[in-house]
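There are 4 protein chains.
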Amino acid sequence: MGLSYLVYPGAHHTRFHHALGCMHLMQKAIRVLHFKGIGITPEEEEALYIAILLHDIGHGPFSHAMEHSIVESVSHESISLLFMEKMNADFDGALTLAIQIFKGEYHRNFLHQLISSQLDMDRLDYLKRDSFYTGVAEGNINSERLITMLAVINDELVVEAKGIYSVEKFLLSRRLMYWQVYLHKTSLVAENLLIRVLKRAKELIDKSVALSASEALSFFLQHKITGQNFSSSVLEIFSKLDDYDIVMAMKEWSASSDVVLSKLSAMIINRDLLKIEISTQPFDVTTEKDKIKKCALLLDISEQEAQYFVFSGTIANQAYHQNKQNINILYESDKIVDIVQATDQFNLEALSKPVTKYFMCYPKHKD
Amino acid sequence: MGLSYLVYPGAHHTRFHHALGCMHLMQKAIRVLHFKGIGITPEEEEALYIAILLHDIGHGPFSHAMEHSIVESVSHESISLLFMEKMNADFDGALTLAIQIFKGEYHRNFLHQLISSQLDMDRLDYLKRDSFYTGVAEGNINSERLITMLAVINDELVVEAKGIYSVEKFLLSRRLMYWQVYLHKTSLVAENLLIRVLKRAKELIDKSVALSASEALSFFLQHKITGQNFSSSVLEIFSKLDDYDIVMAMKEWSASSDVVLSKLSAMIINRDLLKIEISTQPFDVTTEKDKIKKCALLLDISEQEAQYFVFSGTIANQAYHQNKQNINILYESDKIVDIVQATDQFNLEALSKPVTKYFMCYPKHKD
Amino acid sequence: MGLSYLVYPGAHHTRFHHALGCMHLMQKAIRVLHFKGIGITPEEEEALYIAILLHDIGHGPFSHAMEHSIVESVSHESISLLFMEKMNADFDGALTLAIQIFKGEYHRNFLHQLISSQLDMDRLDYLKRDSFYTGVAEGNINSERLITMLAVINDELVVEAKGIYSVEKFLLSRRLMYWQVYLHKTSLVAENLLIRVLKRAKELIDKSVALSASEALSFFLQHKITGQNFSSSVLEIFSKLDDYDIVMAMKEWSASSDVVLSKLSAMIINRDLLKIEISTQPFDVTTEKDKIKKCALLLDISEQEAQYFVFSGTIANQAYHQNKQNINILYESDKIVDIVQATDQFNLEALSKPVTKYFMCYPKHKD
Amino acid sequence: MGLSYLVYPGAHHTRFHHALGCMHLMQKAIRVLHFKGIGITPEEEEALYIAILLHDIGHGPFSHAMEHSIVESVSHESISLLFMEKMNADFDGALTLAIQIFKGEYHRNFLHQLISSQLDMDRLDYLKRDSFYTGVAEGNINSERLITMLAVINDELVVEAKGIYSVEKFLLSRRLMYWQVYLHKTSLVAENLLIRVLKRAKELIDKSVALSASEALSFFLQHKITGQNFSSSVLEIFSKLDDYDIVMAMKEWSASSDVVLSKLSAMIINRDLLKIEISTQPFDVTTEKDKIKKCALLLDISEQEAQYFVFSGTIANQAYHQNKQNINILYESDKIVDIVQATDQFNLEALSKPVTKYFMCYPKHKD
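First to last, the sequence lines map onto chains A, B, C and D. Residue 17 in the working numbering is what sits at position 17 of the first sequence, and the numbering runs on without skipping anything. Residue 112 in the working numbering is what sits at position 112 of the second sequence, and the numbering runs on without skipping anything. Residue 289 in the working numbering is what sits at position 289 of the third sequence, and the numbering runs on without skipping anything. Residue 82 in the working numbering is what sits at position 82 of the fourth sequence, and the numbering runs on without skipping anything.
The set of hints was computed from the structure by calculation and includes no laboratory data. Certain hints may be false.
When chains are identical, the list treats them as one kind, so a pair holds in a single copy or across two.
[As the list claims (entries may be wrong)] Straight line, CA to CA, 30 Å or less: simulated BS3-like cross-link-like pairs of lysine-lysine:
#1 335 / 294
#2 364 / 36
#3 294 / 28
#4 185 / 103
#5 185 / 162
#6 28 / 86
#7 240 / 207
#8 294 / 86
#9 364 / 86
#10 364 / 335
#11 240 / 202
#12 357 / 294
#13 324 / 335
#14 353 / 335
#15 162 / 353
#16 364 / 240
#17 28 / 162
#18 162 / 357
#19 335 / 162
#20 199 / 240
#21 185 / 207
#22 240 / 353
#23 324 / 364
Next comes chain A alone, as it looks inside the complex (with noise of 0.2 Å):
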């Protein structure tokens, strides 16, 4: 949830409640299965445990925020598998049969759909999760239900055609989360204060500026890290980075000699964010130039510094992906229909297109 807790204050839950959250989903779908006959061995079973208790492993500190800014170009799948491979190591191959589910290289597919899918267990177990903490009580889902009406045919996995509804709910619930909370807009305001911040750290770190900051947030401030050079020893510092290193380091920049850090490190400390517009249009450039402007000699900053107060962007939101994981519908004891074409009347297809909208930062403006 990142830096959502500025908007809901309630949101202060945390990635081990969501791998146990995760973990107690995947009992019960396996219970549901293994009731419907669906062969599940115990090797298998224990498999999709740590497959699932570890599938979110490889997750920095405000993880999207770091994914643009000091992991660059390493998704968190992959360094979750680098932390898998590292265990395998340990327990002598124990991981092995988890690991190839997980990157769905096993013969049965429909194991690596329930740890990886548009139905899998993190995303009930998210939407529930952060619905309930953030107290957005619309975006509750029936993870219960959901998990019953699961089937399996030829190895893959499908939802009963009497769970039809659920599933509809499910999708809005994910939309209605995206605007809602996910996207809400002080929290994208946050996340790209944040990303800038350690973007302006690195840039002065380059310029041998020193700065006060943990031994592992050094490292990765001092090193461009990508996947060709993601080494243990690299994957053992990761794994000492947590929100203590990110937050204490902003608290100790709001105090910075440079005035952009500081300022930028401030803003979230002390909750006064930047000013955010949204809209379904993109902003005119000439707006942007000019604010740009102003910012620069309101802080006697160079135009080019003044981009990390006033910047633009797009956010997108799909609630559903045709062609990718389909959601499946099980009708009779064998015809299978994908949900879009399923449902008989709410318009699913505009769900599977994805919307797209434009927001513009700058400081709020003071007279």
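Given the structure of chain A, go ahead and fit chains B, C and D onto it with the hints provided.
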């Protein structure tokens, strides 16, 4: 909820709970509007509480079934009004303002809309309550937030723009609850059986067959009551009629010597209902006729009587009605847009078109 | 919960809900014991489910009132047993083991304790459920944790030492629920009135007064049923008797020509009950006699009949019974101590002494 | 809750949540008292909100540990007061009344009791909240009902007699939460380790060892702050100190060259704590001395240093304090009785006696 507890055993909540719940939401709504500077006098406030507490008092037992059998041409709203007028006489005019608001004759229209519109306290309570007691978690709505978003413009109730996702979610939940709960196929059979039980009982009584029934129920079985002859003494008797009269009668009628009445009654009491098929297309008339013949033969009754066990019909669901107490969204401080136009992606237009389905009921085949 | 809904309007849950809840807890308990290495065979497991689902089936409508009026000398446990034996005959002996466990005749005593003891699944369900539906939040217990703490030593159910605070809390909740809910003074009046309604009806029928009642209820009013003559045909009729029979009768009897019966019935139906006083001391006999005289005069009935409206009695509550299926606490791996000795401070001994209170009911004074 | 999340992973709620919760309960309490005719002026109301929102603001990070290490002789209440006085200066005296009420210097004593007494809004919120977030369901209290039962007699807060079971339950929950959560043995070890981490850090800094720490934390490690020298500039620095400073420091110190500091820090960070024994008797001094010697030998440190890892102490819990802002029960309209005398059975006197337990911590034995 009528006979929904045959499908959702938790659904044992009562109309009294609903009345208290509506009252509770009304208190919240008034507090919110006060806070936004909408003046509501203490007299208007009291009238709103009276009107919302009594809005459903005209519902008889298993109301919807009754309206199709016993008090055929009289709506529950008009009976609620009769009760209010009776009380108004008893309490020396203390309900006059409540009645005006209930009837929509008071000059401040938003007060009426709090009682009766597409976003009234009635709907906000029953959707949430029914979702809770049935366990159909997806039907949950965020009444708290919807109420907080209410405002009044030109004496009309509107919803502030940032509540738009909650409104969408509310309409979706409404649709989902209709298909999943209110029009659930098993409830549908049960309700249709109940209508036929009462119809058959009237028929037998017309033929002077003696039937065990409470005094109140006997009265309505013996007389044809319409809006015209619904006198205050009829109202008095009507007020004594509740679920106990109906269920007790069916329990006794299960042992009736009339095979039609006893079988229909026993089907409900023993929850051993007719089979039902649902389709998006009308059913073939020949099939129905065949089933009627077969049933007549099997039970040794006339083909006309067999139509108590073999019948077809339609159900329709329309989540949103345009041009009928619209839900209006407020932009900035005065721009008002209907929800269907206001939504950015999700095809609410679809929701405002009625969906019709066809059903056919007939005895379970026993070979 | 009998007539508790007259005090707690939310308390509309049913015995069916309770049976399902007990079953659910039993599944958890079995899973926990399995996990701790206590072998339970599939046959024993099935028997436990049957026994817990049926343990309360012998309760008639408003059970406690019935036991004092209609089926006077027959406990609901013995009727449950009759039902089980009937089903056992129908199902070719499939309930034999369930019956043995239910009666405590099976050699593994802990199985019986799961069904019936001071920490059985029955209590764990009803305390939590009644606390939830009445809204008496303090009565809430942690069934989940209590079950997780269960263990078996020498075929006896025990609670691991670290669950001790949960047991204390469970006993306290039990006491609180008794005073606050089960023995709530308004429920107490209502229940005593119901007993007297049925007693009066029997009296009138003995005098050949015609009374409207369902067939099943009529049977029990006309016959004196004891443990001796509770034949299978009686059981058949008993199975048809439910709340509807009783409430419908009282609705009709409210208009009875017998003033005692009509007044008693109307008091319950219209929730216009007798006044009740509670005291830690017995009431003065003279006061009671005076009130009886006054009542007889006022209603123009005999003094004997007036005792239907003026009466006194006692209520007792004992949260914990020593020497009767004790709750035992397990220290280390084999030391077992009764909860009363095990607790370190809180005076549980007090809880194991019965508390008796006195009550007197009489008509409300109207000047 | 300090380090309780090491035991109860769900316990991630914050002091901000608690402040909002208290505010919410205060609004309810004021509404109830208004309804009962207790006049509270708008100024008093506002002052109550200010005082309850700020009552805990003086808590530092891991407050209880801090009070034993860094700001040794200064209570959090006195720091809360310093913050309020600072704000009062900034806001031109707007907090004067709030401060008077907070200090108990205002003539209407019940207002102070709402802020601070044995049944204040603080306790009503934190017991319920901590019970919820830890999942220790037995600790749940019925704040709603307790508040509804509040009344004021002679400017003193009292509880109406019919709320007596809820008060009993509240005291029991308090006791249960103390043993089960606040004094849970694992939290106890963790808290004692944290105290020693900070103590060791101060010791090292006194010896001029360089230690990585945030500016704010460094200040408190370098200076001995007491109630005497807690100036407004100290307050300013104190306000910058939060959990991030402490946890980040421990993360860095885990790699310190000082073996005592690094081991203590790592124990908390890696949740690999000391072993703890709890007893109702004091521990034998010889055993402790032996363990100290063994530890010194094993870690190659002095015996004095070994006392960082081997130590003993006491914990005490007293659920109710007689003669200190008693909880008084109101009978009829003016008879007031202390809860301990008022209760009819349950030995509350036991609850008003402190219970003391002894603990000893030492390194886990590794053979």
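Against the structure, the hints come out as follows:
For the homomeric pair residue 335 and residue 294, neither the shortest alpha-carbon distance inside one copy (63 Å) nor that between copies (32 Å) is at most 30 Å. For a Cα distance limit of 30 Å, the shortest separation of residue 364 from residue 36 across copies, 26 Å, qualifies, whereas the shortest one inside one copy, 59 Å, does not. Taking the closest pair of Cα atoms, residue 294 and residue 28 never come within 30 Å of each other, the shortest separation being 58 Å inside a single copy and 46 Å across copies. Taking identical chains as interchangeable, the C-alpha atoms of residue 185 and residue 103 are never at most 30 Å apart, the minima being 34 Å within one chain and 42 Å between chains.
In this assembly of identical chains, the alpha carbons of residue 185 and residue 162 lie at most 30 Å apart only when taken from different copies (12 Å versus 37 Å within one copy). In this assembly of identical chains, residue 28 and residue 86 lie within 30 Å of each other by CA distance solely inside one copy; the values are 29 Å within and 36 Å between copies. Taking the shortest alpha-carbon separations for residue 240 and residue 207, both the intra-copy value of 25 Å and the inter-copy value of 29 Å come in at or below 30 Å. When the C-alpha separation of residue 294 and residue 86 is checked against a cutoff of 30 Å, the pair qualifies neither within a copy, at 51 Å, nor between copies, at 36 Å.
In this assembly of identical chains, the alpha carbons of residue 364 and residue 86 lie at most 30 Å apart only when taken from different copies (28 Å versus 47 Å within one copy). In the homo-oligomer, the alpha carbons of residue 364 and residue 335 lie at most 30 Å apart only across protomers (25 Å), although the nearest pairing inside one protomer, at 57 Å, exceeds that limit. With identical chains, the CA atoms of residue 240 and residue 202 are at most 30 Å apart both within one copy (19 Å) and between copies (25 Å). With identical chains, the CA atoms of residue 357 and residue 294 are at most 30 Å apart within one copy only, with a shortest distance of 25 Å there and 62 Å across copies.
For the homomeric pair residue 324 and residue 335, the shortest alpha-carbon distance inside one copy (19 Å) is at most 30 Å, but the shortest distance between copies (40 Å) is not. Within a single copy, residue 353 and residue 335 get their C-alpha atoms as close as 25 Å, and across copies as close as 28 Å, so both meet the 30 Å cut-off. Taking the closest pair of Cα atoms, residue 162 and residue 353 come within 30 Å of each other both inside a single copy (25 Å) and across two copies (22 Å). When the C-alpha separation of residue 364 and residue 240 is checked against a cutoff of 30 Å, the pair qualifies only between copies, where the shortest distance is 25 Å, while the shortest distance within a copy is 36 Å.
Within a single copy, residue 28 and residue 162 get their C-alpha atoms as close as 19 Å, and across copies as close as 28 Å, so both meet the 30 Å cut-off. For a Cα distance limit of 30 Å, the shortest separation of residue 162 from residue 357 across copies, 16 Å, qualifies, whereas the shortest one inside one copy, 35 Å, does not. With identical chains, the CA atoms of residue 335 and residue 162 are at most 30 Å apart within one copy only, with a shortest distance of 13 Å there and 41 Å across copies. Taking identical chains as interchangeable, the C-alpha atoms of residue 199 and residue 240 lie at most 30 Å apart whether they share a chain (20 Å) or sit on different chains (25 Å).
Taking the shortest alpha-carbon separations for residue 185 and residue 207, neither the intra-copy value of 33 Å nor the inter-copy value of 50 Å comes in at or below 30 Å. Proximity of residue 240 to residue 353 under the C-alpha cut-off of 30 Å is found in neither arrangement, the shortest distances being 39 Å within a copy and 47 Å between copies. Taking identical chains as interchangeable, the C-alpha atoms of residue 324 and residue 364 are never at most 30 Å apart, the minima being 42 Å within one chain and 42 Å between chains.
Hint compliance for this structure: hints 1, 3, 4, 8, 21, 22 and 23 are broken, all remaining hints hold.
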